[in-house]
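Student: Both chains are given apart, each in its own frame, so use the hints to dock them into the complex.
So the sequences go chain by chain: P and A. FYI, the numbering for the first sequence is 0 to 182, going by numbering that gives the first Met the number 0. FYI, the numbering for the second sequence is 0 to 183, going by numbering that gives the first Met the number 0.
Just so you know, nobody snuck in bad clues.
Below, a list of computed lysine to any residue pairs in the SDA-like style, where the Cα atoms sit at most 20 Å apart:
hint: 1; chain 1: P; residue 1: 112; chain 2: A; residue 2: 108
hint: 2; chain 1: A; residue 1: 35; chain 2: P; residue 2: 21
hint: 3; chain 1: P; residue 1: 98; chain 2: P; residue 2: 75
hint: 4; chain 1: P; residue 1: 106; chain 2: A; residue 2: 1
hint: 5; chain 1: P; residue 1: 24; chain 2: A; residue 2: 20
hint: 6; chain 1: A; residue 1: 105; chain 2: P; residue 2: 110
Calculated directly from the structure, the hints in this document are not laboratory data.
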Amino acid sequence: MAHIDLGNDLPGIRGPMAFRPETAKPLNELAEILLRDDDNTLSRGERELIGAYVSSLNDCFFCQNVHGGLAQYYMQCDMPFIDAIKRDPMATSLSGKMKALLVIAGKVQASGKAVTAADVAAAREQGATDREIHDAVLIAAAFCMFNRYVDGLGTWAPQDRQYYVNRAPQRAAEGYIDFDLYK
Amino acid sequence: MPYIDVHNDLPGIRGLLAFRPETAGPLGQLANLLLKDTEGLTPTERELIATYVSYLNDCFYCHISHGEIASCYLGGDRALVDQVRKDYRQAPVSDKLKALLAIAEKVQQSGRSVTPADVAAAREQGATDRDIHDTVLIAAAFCLFNRYVDGLGATTPTDMAGYEARARQVAEKGYGDHVFQVNH
Numbered sequence: 000m001a002h003i004d005l006g007n008d009l010p011g012i013r014g015p016m017a018f019r020p021e022t023a024k025p026l027n028e029l030a031e032i033l034l035r036d037d038d039n040t041l042s043r044g045e046r047e048l049i050g051a052y053v054s055s056l057n058d059c060f061f062c063q064n065v066h067g068g069l070a071q072y073y074m075q076c077d078m079p080f081i082d083a084i085k086r087d088p089m090a091t092s093l094s095g096k097m098k099a100l101l102v103i104a105g106k107v108q109a110s111g112k113a114v115t116a117a118d119v120a121a122a123r124e125q126g127a128t129d130r131e132i133h134d135a136v137l138i139a140a141a142f143c144m145f146n147r148y149v150d151g152l153g154t155w156a157p158q159d160r161q162y163y164v165n166r167a168p169q170r171a172a173e174g175y176i177d178f179d180l181y182k
Numbered sequence: 000m001p002y003i004d005v006h007n008d009l010p011g012i013r014g015l016l017a018f019r020p021e022t023a024g025p026l027g028q029l030a031n032l033l034l035k036d037t038e039g040l041t042p043t044e045r046e047l048i049a050t051y052v053s054y055l056n057d058c059f060y061c062h063i064s065h066g067e068i069a070s071c072y073l074g075g076d077r078a079l080v081d082q083v084r085k086d087y088r089q090a091p092v093s094d095k096l097k098a099l100l101a102i103a104e105k106v107q108q109s110g111r112s113v114t115p116a117d118v119a120a121a122r123e124q125g126a127t128d129r130d131i132h133d134t135v136l137i138a139a140a141f142c143l144f145n146r147y148v149d150g151l152g153a154t155t156p157t158d159m160a161g162y163e164a165r166a167r168q169v170a171e172k173g174y175g176d177h178v179f180q181v182n183h
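Extracted from the complex, chain A is given alone in its bound form (with noise of 0.2 Å):
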C-alpha cells in the first residue's frame, strides 16, 4: 500500500502515473527516449545501466523490472543481468560498458563525483560524447525513479511471473501512457 491513496491498485510507479498522468507524460516519454534509443548504446545497454543504478539505490521493483526487460533483449539471460548487478567488472559485457557503468556507478552517488578520468576512460573503451550523455542522464533519472517508487511507499510485487510479462509488453511497446492504462 503507498503512503498516498492512488485510488488505484497498480504495482509499482503505475499506480502513481496513474494517480498524476500529467507528469507521468514526460516521464514516460524520457524513459522512452533514453532506454529504447539504438544510436550509439544499445537497449540491452541502457536497460543494464538503469539496472544497475536501481540495484545500487536498493529499489527493489525498478530493478527487477527493468532487469526483466534487459533480459528479455537478451533472450532470457537472467544470470548475465545478475553479474552485472552485483560484479560488472566480472561479467561478460564490453569494455566501453564496464566503463559506462563505472560512470553511471559515480552518478548515483553524486553527480560530483564523476571525474575527467571516468569519462577520458569510457572515451579510451570507444565511448562518444553522446554514450556519456545518455549514460549519465540514464543514471540521473533512475535516481529519480527509484526515488519516487520508494519515496511514496509503492506496491512492491514479489510475484516475479508478473514482471516477465511487463518486459515483453515493453520489449514490443516502448514506454508511455499505455503502462499505466488499465485496460492495456
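So that you can see chain P by itself, here it is in the shape it has in the complex (with noise of 0.2 Å):
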C-alpha cells in the first residue's frame, strides 16, 4: 500500500506517474533522453547500467530490477553479473572507462560534493569524453531522484525479479515516452 491514495494499484513508479501526469511527461522525457536516445557515445546498456548501479546503492528495490533487467537485456548478459557489477563494479570485467564512470556515480549516490577533480581526470584518462561524464552524473543524480520518488511514496513493487528481465525486451521496445502506464 502506498503512502497515499493513487487511485490505482500499479507497481513502483507508475503509480504515481498515473496519479499525477502532468510532472510524468517531463519525466519521462528525461529518462528517454538520459538513457535510451541513440544520440549518446554510451550505450543503452551502460546507461541503463549506471541507473541500476545507483538505485542498488539506494536500495530501490523496483528501480534496480527495471534498470538492471533492461542493462542485462542490452548488454546480453545474466543476472549474475549485473548482480556482481551491483556488489563491486572493479571486480567485473566492465570497461575500464566504466568502471571509472561508476566511481563518479557511486560518488553522486552519496553527495555532489563527494566527486573529485581527480575522479574526474580518472575517467577521463579512461577515454570517458565530457559529455559521458556529464551523463553520468546526470544519471546517477536522476537515479537519486526516482528512487525517491518511488519509495518515498511507499509503492510496491513485484518480488519475483524474472518478472523485470520477462518484461525488458517490451520496455525497450517502447521506450519511456510512448508506453502505456496501465500495461
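Tutor: What follows is the structure in C-alpha cells.
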C-alpha cells in the first residue's frame, strides 16, 4: 500500500506517474533522453547499468530491477553478472571507462560534493568524454530522484525478479515516452 | 570552473543546462510544474521545501538561489527563509508546512525513511494526497538538482546581488530554457 491514495494499483513509479501525469511527462522525457536516445556514445546498456547501480546503492528494489533487467537485456548478459556489478564493479570485466564512470556515479549517490577533480581526471584517462561524464553524473543524480520518488511514496514492487527480466524486451522496444502506464 | 568544459561561463546549473539543452528541456519543465504550481501548496511553500532540501544537501548555489526566490515571494523576508533552513520547527510557518518539511527531510536522507506516521501527521495538519505527492517529488528532484550542480563542480558565485536579480526573473517568468539562454 502506497502512503497516499494513488487511485490505481500500478507497481513502482507507474503508480505516482498515473496519479500525476503532468509531472510524469518531463520525468519520462528525461529518462528517454538520458537512457535511450541513440545520440550518445555511451550504449543504452551502459546507461541503464549506471541507473541500476545507483538504484542498488539507494536500496530501491523496483528501480534496480527494472533498470538491471534492461541493462541485462541490452548487454546480453545474465542476472549474476548484473548482481556482481552491483556488489563491486571493480571486480568485474567491465571496461576501464565504465568502471571510472561508476566510481563517479557512486560518489554522486553519496553526495554531489563527494565527486573530486581526480575522479573526473581518472575517467578522462580511460577515454571518457566531457559529455559522457556529464551524462554519468546526471543519470546518477536522476536516479537519486527516481528512487526517492518510488520509495518516499511507499509504492509496491513485484518481488519476483524474473518479472522485470521478462518485461525488459518490451520496455526496451517501447521506450519511456510512448508506453502505456497501465500495461 | 566546472570539472568539464561547458563552453560557457554561466554560473551554477545554468552553465550545465546550456551545455546539454536536450536534458535541460525536461528539467526546466519539471521545475516549473513543481515550483510554480498554485494548487494546494503555494509557490512560496514549494520554494521553501526546495531551499530546505538543498540546504540539507549543502548545495550552496541551490539553497541560495531558491531561498532568494522564496524571499522574493515573501516581500524580502530573508530572516524567515533562514529560520526554515536552520530550524523550521521554530519558524513562523504553518503546521502543515512543518509536517511536509519533516517528510522532505526524510526524503533527503532516503525515500525509505518516510513512514506512514510521517504521512499521517501531515494529513492531520490538512495536507492532501497531492500536497504530499508534490512534497516528496520536490524533495526528490532537489536531490537530483543538488547532485547535478555539485557533482560537476558548477561555478558558484559568492556575490549575493546576482542571486537576487535572478530570483526576480524566475518569480516573473518561471523556469524554462530562458534561464540558460544568454540573451536573457
